[in-house]
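*Asks:* Using the sequences and the hints, build the whole thing.
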Amino acid sequence: MERRNGVRIDIGDLTHRYSAKAPITFEQVNITAEPGESLVIIGRSGCGKSTLLHILAGLLEKTSGRVQLDGKDVTEPSSHWIMMFQAPHLFPWMTVEQNVGTGLRFARWPEAKMKKRVAEVINLVHLDEFAQNNTQDLSGGQQQRVALARSLVMEPDLLLLDEPFSALDAFTRATLQKDVRAISKQLGFNLVMVTHDIDEAVIMADRALVMAGSPGRIVHDFKVDLEDPRERQDPEVQAMRAKLMEIFHQAAGVPVDSSNEEGDDTSQQDVELVGN
Amino acid sequence: MSNGKADVVDVDAGTSASSLKTAQSAKKAKSLGKSLFNWAAGLAILFVLWWFGGYLIEINPDTTNFSDFGPIPTFKAFPELFAIGKIQAAVMTSGYRLGAGLLIAIVVGIPIGILLGRSTVFRELSNSPFQLIRMISPLSWEPIAVIVFATWNGAIVFLIAVAAVWPVVFATAAGLAKVDPAWFKVARNLGAKPWHMVTEIILPAIMFDILTGVRLALGVGWIVLVPAEFLGVTSGLGYSIADARETLSYDHLTAMVLTIGIMGYILDSSCAMLIKKYSWHHGR
Ligand SMILES: Nc1ncnc2c1ncn2[C@@H]1O[C@H](COP(=O)(O)OP(=O)(O)O)[C@@H](O)[C@H]1O
Ligand SMILES: [Mg+2]
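The listed protein sequences derive, respectively, from chains W and P. In terms of our numbering, the first sequence is residues 704 to 979. In terms of our numbering, the second sequence is residues 0 to 283.
Hints listed in this document are in silico derivations from the structure and should not be mistaken for laboratory results. Glycine included, C-beta positions come from ideal geometry on N, C-alpha and C. Among the hints, erroneous ones may be present.
Output of the computed footprint for chain W on chain P, the stretches with three or more beta carbons under 8 Å from beta carbons of chain W [as the list claims (entries may be wrong)]: (1) 178-186; (2) 222-233.
Which residues of chain P face chain W? A partial, calculated answer using Cβ under 10 Å [stated by the list, open to error]: (3) LYS75; (4) LEU189; (5) GLU199; (6) HIS280.
*Replies:* What follows is the structure, encoded as structure tokens:
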């Protein structure tokens with residue numbers, strides 16, 4: 704894992720609607736990011752965050768506009784940019800190790816090389832002692848770590864995260880937030896994460912984008928200029944949180960509950976696949 | 000084990016982890032012994048009832064000619080039938096027919112089941128034809144099968160396949176309905192080729208359901224096999240029964256019937272073991 708990963712993201716004038724009759728989901732979305740940058744998109748349920756991520760992952764066809772990674776159009780899924788969801792969606796008939804190795808098996812890696820790589824990644828997400836376990840015996844947080852390892856094993860340039868921690872308890876969530884950010888910085892890949900949790904945005908983001916309205920737009924692009932590691936109780940983090948809260952309040956036009964309870968659990972399932 | 004002794008075990012278990020383990024495995028062994036006992040007792044009850052039925056037949060002057068149906072003549076018939084190789088030959092022939100019919104049912108049934116589970120159009124299109132054909136008793140195809148197939152053997156294999164294909168089709172489709180659609184999304188993202196979806200996702204995900212279907216198919220096929228062999232052929236378990244009836248050798252007849260039961264039981268148990276092995280569902 705010596706290679707520095709990461710891509711330049713360029714989204715321009717992106718518009719999406721699910722069908723000619725459906726309302727426009729979002730329009731005139733413009734986002735750029737440098738290699739290795741972490742973007743967190745915050746917005747209320749239904750403003751099109753999951754749809755945007757699916758398009759960026761190549762899992763959904765855009766209606767119009769530009770979506771480029773390192774100058775190349777995104778038209779189909781690729782193991783260079785991997786998406787993770789609220790649920791881990793592990794393959795329950797496989798062990799942890801087999802789950803993590805899935806993408807390498809698809810790519811026909813030789814057995815020995817694959818074993819070594821899988822072990823490295825399992826170590827990276829702190830699951831060494833569970834490598835041989837059945838995934839159904841793991842806790843929610845551990846399962847999400849397996850999903851993370853399954854993504855990281857591909858050495859992605861970009862990790863797309865659709866509210867990946869919202870089903871976890873607060874303590875597990877906080878640990879995973881810090882770990883994922885640390886790993887992304889260590890390996891140099893980009894994060895694009897969707898959340899409706901302001902705390903999460905402050906902990907995870909280099910830049911926080913506020914998405915609002917119907918049809919949705921990016922209404923704010925906010926630099927989260929904080930040292931790592933970020934602790935929730937640090938005064939700087941608290942101050943940043945208050946600032947972001949106010950911006951969100953103005954932009955979205957509603958008081959925000961940052962406690963993360965009001966998430967929609969199903970919207971990510973609604974997004975249809977390209978060509979399936 | 001006396002009450003006092005059991006108490007000692009309990010106290011020990013409370014004090015050390017290793018003796019707790021011992022107590023647990025002792026408990027496990029005890030429950031295994033219990034179920035083994037019940038298994039044997041169930042069979043024993045069946046044999047006692049059989050023996051009693053045979054006894055009633057024997058003491059009634061009207062039916063005493065049929066006393067060979069009882070267990071003792073039957074068990075005497077087994078070594079005879081074995082010695083002349085009759086049981087082996089019948090089991091082999093019938094086993095071949097069943098195996099061939101089942102294989103066809105599986106090879107045809109799984110793809111149809113996958114199509115049924117994955118394609119709404121196919122599901123809606125095929126629903127009424129399938130339900131209609133399914134409700135035709137497999138044996139009623141016999142006259143047609145005999146005309147279509149050159150040999151009786153082929154006809155019997157066809158009948159078994161026709162009977163056995165439906166459980167495989169519907170179990171496969173039902174399994175697919177429980178497949179998490181996100182698995183396909185995840186797999187695609189990880190670089191899965193189209194065939195990977197079948198070999199790496201669909202088949203392992205629904206292996207449990209397929210095997211459950213195969214188990215049902217085996218049961219149906221086994222049931223169809225015997226009457227199908229009553230006609231035309233001169234080999235197999237069904238033929239042997241019909242033949243024993245003609246020659247009034249009721250002990251042979253019952254021995255063959257018992258063989259059918261035992262073989263079916265063994266096949267079904269093997270299937271059940273496979274299902275257990277391939278089940279990733281919790282609590283099953
Ligand atoms: N497959 C789909 N077909 C039609 N409409 C959809 C589909 N998926 C989502 N939508 C709609 O698009 C809008 C944005 O959804 P989504 O991207 O899931 O929002 P978010 O993730 O911000 O909650 C919602 O109004 C939702 O109902
Ligand atoms: Mg969503």
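*Asks:* Take the hints in turn and mark each one as holding or not.
*Replies:* Taking the hints in turn, this is what the structure says about them:
Under the rule that three or more residues need a Cβ within less than 8 Å of chain W, the assignment of the stretch 178-186 of chain P holds, with 8 such residues. Counting residues of the stretch 222-233 of chain P whose CB lies closer than 8 Å to any CB of chain W gives 0, so the stated coverage by that chain is violated, three being the minimum. Interface hint at P:LYS75: violated, since its Cβ lies 50 Å from the closest Cβ of chain W, which is beyond the 10 Å cut-off. Annotation: P:LEU189 was flagged as interfacial toward chain W, and the flag holds, the nearest CB pair being 4 Å apart, inside 10 Å.
Hint on P:GLU199 holds. Least Cβ distance to chain W is approximately 7 Å, under the 10 Å limit. For P:HIS280, the interface hint holds, the least distance from its beta-carbon to any beta-carbon of chain W being 8 Å, beneath 10 Å.
Checked against the numbered hints listed earlier, the structure breaks hints 2, 3; every other hint is satisfied.
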